[in-house]
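According to our numbering, the residues represented by the sequence shown are 107 to 233, in order.
Don't read these hints as lab results, they were simulated from the structure. Ideal Cβ positions, reconstructed from N, Cα and C, are used throughout, including at glycine. Careful: at least some of the hints might be erroneous.
The following label-pair restraints were derived from C-beta to C-beta distances [said to hold, decoys possible]:
hint, residue 1, residue 2, range
1, 217, 175, 16 to 26 Å
2, 176, 216, 27 to 37 Å
3, 194, 214, 31 to 41 Å
4, 145, 195, 11 to 21 Å
5, 133, 212, 27 to 37 Å
6, 204, 153, 15 to 25 Å
7, 207, 182, 16 to 26 Å
8, 135, 195, 35 to 45 Å
9, 139, 195, 38 to 48 Å
10, 192, 157, 33 to 43 Å
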Amino acid sequence: MTELYDSKTRKLYAFDHLTYLLFQEKGFQTQYEDDIDFAHGIHKIAALAIIHPNDVINAFVDLSVHLGDAFQIMLDYFEDNYIGRFRPNGSRAQPLFNIEYWNVYERTKNQKMRTNNSAKAWNRRIS
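Using the sequences and the hints, build the whole thing.
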């Protein structure tokens, strides 16, 4: 099968595209546009893609504690798909996308391309 995107482009595409779909599907667009605190919280969740992969889970846990109930749907979605749901035995379930797949810390640090056209289009729409 021919790959449409190289692995570097797919990383951000998978994270950005699926997050955008959830954003639209759950109707957060208006709240994002009208509530600056909500928008700031969404930016914090999105920023998990650019911190060191070893720090993502701890940063997510910190966000989960400090963000209000308005973010629970987004946090649940992120946990299930991008870091794995916490289990009672202290481990995490396998996420749909491993951190190494979607995290762009190294690319950001090395000043490599960090986005693609679809991500740019979405960012223009929500800003």
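A quick look at each hint next to the structure:
1. 217 to 175: 16 to 26 Å: Cβ of residue 217 to Cβ of residue 175: about 38 Å, so the range 16 to 26 Å is violated.
2. 176 to 216: 27 to 37 Å: holds, 35 Å
3. 194 to 214: 31 to 41 Å: Since residue 194 and residue 214 have Cβ atoms about 35 Å apart, the given range 31 to 41 Å holds.
4. 145 to 195: 11 to 21 Å: About 36 Å separates the Cβ atoms of residue 145 and residue 195, which means 11 to 21 Å is violated.
5. 133 to 212: 27 to 37 Å: Since residue 133 and residue 212 have Cβ atoms about 34 Å apart, the given range 27 to 37 Å holds.
6. 204 to 153: 15 to 25 Å: holds, 18 Å
7. 207 to 182: 16 to 26 Å: Holds - the Cβ-Cβ distance for residue 207 and residue 182, about 19 Å, lies within 16 to 26 Å.
8. 135 to 195: 35 to 45 Å: About 38 Å separates the Cβ atoms of residue 135 and residue 195, which means 35 to 45 Å holds.
9. 139 to 195: 38 to 48 Å: Hint holds: Cβ distance 41 Å, inside 38 to 48 Å.
10. 192 to 157: 33 to 43 Å: For residue 192 and residue 157 the Cβ distance comes to about 19 Å; the hint is violated.
In this structure, the hints that do not hold are numbers 1, 4, 10, in rising order.
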